[in-house]
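Whole structure, please, built from the sequences with the hints as guidance.
Read in order, the letters of the sequence shown are residues 609 to 1174 in the numbering used here.
Read the hints as simulated data drawn from the structure, not as lab findings.
Cβ coordinates follow ideal geometry from the N, Cα and C atoms, glycine included.
Any given hint might turn out to be false.
Claimed, not checked - 25 Å max Cα-Cα, derived PhoX-like pairs, lysine-lysine: (1) K956 - K945; (2) K784 - K961; (3) K961 - K767.
Unchecked claim - Have a look at the derived ranges for each label pair, beta carbon to beta carbon: (4) K961 - Q869: 37 to 47 Å; (5) Y1045 - S718: 44 to 54 Å; (6) D626 - S769: 45 to 55 Å; (7) K680 - P707: 16 to 26 Å; (8) E1145 - P981: 27 to 37 Å.
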Amino acid sequence: LVEEKKLVNDRNFYAFADINPILPEGSVNITLEAKNIEDVKKIVKIIDEEIEKYSAGMFTEEDIRNYINRTKARKLLWKPDVETESNIIGWNMMMYGVPDSYDMMMEKLSALTPHDLENALKKHLLPKNRVILYAVPKGGKAILETQTKEIVEISEPEKISVGKNITLIFKKNITKPTITGVICLPVSINYETPENAGTISFMTKMMFKGSENYDSLDLTEWKEDHAVKFWVSVGNETFINFKCLKDDFPEMKQILFDAFQNPTFPENEIKLAKDAQNQDYLRSLSNAGRNHEEFRNMILYRGQRAGISNEKRNEIIQNLTQKDLFNLYKKYFNADKIIITLFGDLEKEEAEKIAKEFYSKIPHKKTEGIYTPLQIPEIDSVFINEYDFEQVNLNINYPAPKVTDEDYFAMKVIQTILGGNRGRIFNAVRGTNDLAYFAYPDYSAERDYGFFRITSQTSLDKKDELLQVLLGEIEKIKKETVSQEEINLAVEETQKIMSSYFTDNQLPYVMTSYENLGLGFDFIEKISEILKKITPEDVKTVANKYFQKAAIFISQPKKNVKLMVE
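Following this line, the structure appears as structure tokens:
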């Protein structure tokens, strides 16, 4: 730009990475002074081309050595004054915890490879996640605006039926050369029993740790090298989530296809996963929240897979063999239907073809076993658990409508009125009184069950008052009539939060989940207007219908626990 094309002045041309380990994210800044306004967008295009070129393999070992040598030279040749050196020591202590970060930095630099630099560019600079500021003389704006504008095509999400058993949710977005995908399969933990709880989930996640054509170590390295985001969640259904560059998508597909059809369940990966499971269990022993959750579930879901102890659940996983995983795969990894969501740099016809490809690679056999969803009992009692922790954990549980019930939306409104930073529960325990560290309602609804749970944590001396205040809020919503204005304000507040939070990073999963529940992929857009139709009478009726029997669970410190908070 300076020497060859002579488009940029040498003065005030610099680039730097502003990276601070105590901040959540860093930034890369490029500042330059163009010789002619007409060339500004051309210069940006050249910078983009250079970044893309280097991300494809232009870095060399010599480049890294030269940078290290320059860094060493600056350190040896520079002698700061006392004030400057004191300032540097202070910043090093704040950011790195040591007075001089030079040795630590050199160690990291010496370990870098050209591959590492390429991956950093692919991850942080290839996606056009940036702001460009053109500071031009008066009248220069008109020159820039007359230049050809970049065409950015973004479509609205749409639902497409691709055959009898394939639902596609598609959104074209060419602002970045990426593809985000979510695959929803009816592979469910509801086929588990108390005797094999956790095994279907464990098996499904292990499927993607290695297959016939993809060694586990090679697979891990490829995902890291290509900055691929990939995770699997297994519950009432299985969700397979990925995000990758468009250029990497063909390979990503083949990896998934091979995992669907030819998983190998490598022994080394099984051992690693078992070790992780065991460490998680051991950590849970010193976690008050996990201890309380186990106590609650063992009573509330007694006789069900969700009601077994953490120790038993860990034992089941530790006893699994490679042969067991193959048997579980053959028995439970089947799907007679699929929901696939694709956002990114694709045409609709491509997306439809991809959806059919994915469906064709999944076994369609009938799943063996008995489908047994969670059962929510009606219990009207208080249960006390004394444990070796100081904080008091508290739950109030009620049965609630399923997502398919007509009372579902009224219960959503109740959750909205009670919840949030402006909700009744927060104001009652944190705004008016200082009774809890936190308190919130959670309405969880699936096709097969629903429950409403208030969760809170406090100190021992405030436990009884907190419980009475929380139960009092439930009684108020049963006996008093809420205003339509309160309903509308609560709904609008929730809608604002949802609208600002959900981006193309979260929307694929959220839309897939809502479509799977039968609410429709566009439920986020519809929910506000639906909830505003709920009347104060609906709220009172539903509250009185479901908030009759409360299962209350309290975990509190044993008498010999030394309290830090009196």
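### Message
Under the constraints set out in the numbered hints, which ones does this structure not fulfil?
### Response
4
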